[in-house]
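Got two chains here, each in a separate frame; can you build the complex from them with the hints?
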Amino acid sequence: MTMVEREFGEGDSLPAVEKLITQEQIERYAVASGDFNPIHVDHEFAASSQFERTIAHGMLVTASISEMMTLAFGETWSQSGRLKIRFKAPVYPGDRINTFGEVKSVRDRDSTRTVACSIGVRTDNGEVAITGDASVVFPLSNDTAGR
Amino acid sequence: MPIDYGDLTVGQKISDRTHMLDAVLVSQYVDAVEDRTGLCSSVDGRPLVPPMAIAALSLRGVVQDLEIPGGTLHAGQELEFRGAVGVGAELDCSATLAQNSVRGDWRFLMVELVVMDGAGLVVMIGKSTIIIPAS
Chain A
1 MTMVEREFGE
11 GDSLPAVEKL
21 ITQEQIERYA
31 VASGDFNPIH
41 VDHEFAASSQ
51 FERTIAHGML
61 VTASISEMMT
71 LAFGETWSQS
81 GRLKIRFKAP
91 VYPGDRINTF
101 GEVKSVRDRD
111 STRTVACSIG
121 VRTDNGEVAI
131 TGDASVVFPL
141 SNDTAGR
Chain B
1 MPIDYGDLTV
11 GQKISDRTHM
21 LDAVLVSQYV
31 DAVEDRTGLC
41 SSVDGRPLVP
51 PMAIAALSLR
61 GVVQDLEIPG
71 GTLHAGQELE
81 FRGAVGVGAE
91 LDCSATLAQN
101 SVRGDWRFLM
111 VELVVMDGAG
121 LVVMIGKSTI
131 IIPAS
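Protein chains in written order, with this note's numbering: chain A, 1 to 147; chain B, 1 to 135.
With the rest of the complex left out, here is chain B (with noise of 0.2 Å):
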């Protein structure tokens, strides 16, 4: 059954999930994006996840629990990061609708993203702006 995007709620919580940015996901990740940065090849002992992994991860929930449909673009993305996290990081993902309107043939969404890490800390904030072929 098709998600009716107009039936979606301002408050109501459209993904949680939980996430664990382990050693190859994170590859992954540094891979496709060439990040050059070596925060996750620390020769200190901590490597650090780049923070857009965090926000990638975060964005999926809603991909995925939202059952994007396809032709949807990003109009416009807000994130706060709020401390690094390392490699092995098990991450609490959650999304809420914060607006949900329709200007002409697009609907726009906009969701509120929380990420917090183990031990409860919020890691990242954000909110992302997308556009939904209305028909």
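Same shape as in the complex, but just chain A (with noise of 0.2 Å):
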């Protein structure tokens, strides 16, 4: 099980993490999401789109954030974890991404601790493909309340 390492505090930096988008990888996202929209998995649909080959699934991406999120807060993440994002630019096979969080409050009311971040996803050309804001409530009777 993923074990929550330390305390958080606000301006805390969340752990990033860092993929490389392949375009076998975005197959293997249609496969598993069932989501095979050509703009994903179709190089000739997709050369003549806007974007002009083809783009990772949006949540193929954002589960980097979910990954961080994990990594930060453990299981909690799982049972009371929360995420508002906005697609702002396509990624690319190829790309690199690498995810970007950081606490901006934590707060404590009643018996919960909320934790609050402003999270993201950035490219390797310094493109940011989602920004949002993302929080967890941890119960402050608990032992690992604040972590």
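Note that these hints are calculated values from the structure, not bench results.
Hints should not be assumed to be uniformly reliable.
[Said to hold, decoys possible] Not the full set, but computed from the structure, chain B residues with beta-carbon under 8 Å of chain A:
id	residue
1	37
2	59
3	66
4	67
5	101
6	118
[What the hints assert, rightly or not] Here are the simulated lysine to aspartate or glutamate pairs, EDC-like style, with alpha carbons at most 16 Å apart:
id	chain 1	residue 1	chain 2	residue 2
7	A	84	B	22
8	A	84	B	34
9	A	88	B	78
[Said to hold, decoys possible] Pulled a few chain A residues facing chain B out of the computed Cβ check, cut under 8 Å:
id	residue
10	31
11	35
12	60
13	67
14	80
15	86
16	96
Ideal placement from N, C-alpha and C gives every residue a C-beta, glycine not left out.
Here's what the structure looks like:
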């Protein structure tokens, strides 16, 4: 099981996740998700689109954000995670992506602690592909609260 | 008969499917996204599904039942995970249309997602904004 390694405070960075996106990976994701939109898997179709080549599924790229949140907050991400994102730019096969995340606030209320973060994904050419917010809620009565 | 997206009404249920998130499907997903969290290879006898696999599963029905045309784009996504899901869980994934509008050459559809486990507990909710070529 993934373990949460430390507490996070305001201004802290979340552990970055880096991946190389490949066409082969996009095709594997199409099979796993059932999303065979030709913009992802049909080179001829994609060439005639505004992107001029295939692009990665947004949810494939988003998985790296979820991975970052799991690495930071463990199973709590699965139990109470919230995510709100916008897809700002396409990710192409061959792009290397890096997640980024920063804790914006840590708020205690009643018996819970909410850790809110700004998150996103950037490609290796510096373009921001995804931006948004994410949060997790810990029960304060639990020894793991705030981690 | 292709779907006329202009005929879809807000509040209309557009997908309702039951899926088994078995080990094969989870393994396919983990391999595809190259997830390294180790959630699904737990050594304590309780392997868990990466939460985004639940989201992907819930969108599968939307893509298939709406017969999403080529060139459709995913513009935004909201997700709220409400409970860890174990590998092997049977999930009921439903989707309801929350918005249907046209701006320029594009039709904007917002779809609300609800995923429940076999006990009827909501494990994920979400909203997907997708953009379909209007013509």
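Verification of the hints:
1. 37: This interface hint holds because 4 Å falls under the 8 Å limit.
2. 59: holds (7 Å)
3. 66: violated (12 Å)
4. 67: violated (11 Å)
5. 101: Residue 101/B check fails; min Cβ-Cβ to chain A is 17 Å, beyond 8 Å.
6. 118: Constraint on residue 118/B not satisfied, violated at 17 Å.
7. 84/A <-> 22/B: With a Cα-Cα distance of about 27 Å, the restraint between residue 84/A and residue 22/B is violated, given a limit of 16 Å.
8. 84/A <-> 34/B: violated (22 Å)
9. 88/A <-> 78/B: Roughly 15 Å between the alpha carbons, so the hint for residue 88/A and residue 78/B holds.
10. 31: The hint holds - residue 31/A has a Cβ within 8 Å of chain B, the shortest such distance being about 6 Å.
11. 35: Hint on residue 35/A: holds, closest Cβ of chain B at ~5 Å, below 8 Å.
12. 60: holds (6 Å)
13. 67: With Cβ-Cβ at 6 Å, under 8 Å, it holds.
14. 80: holds (7 Å)
15. 86: Hint on residue 86/A: holds, closest Cβ of chain B at ~5 Å, below 8 Å.
16. 96: violated (13 Å)
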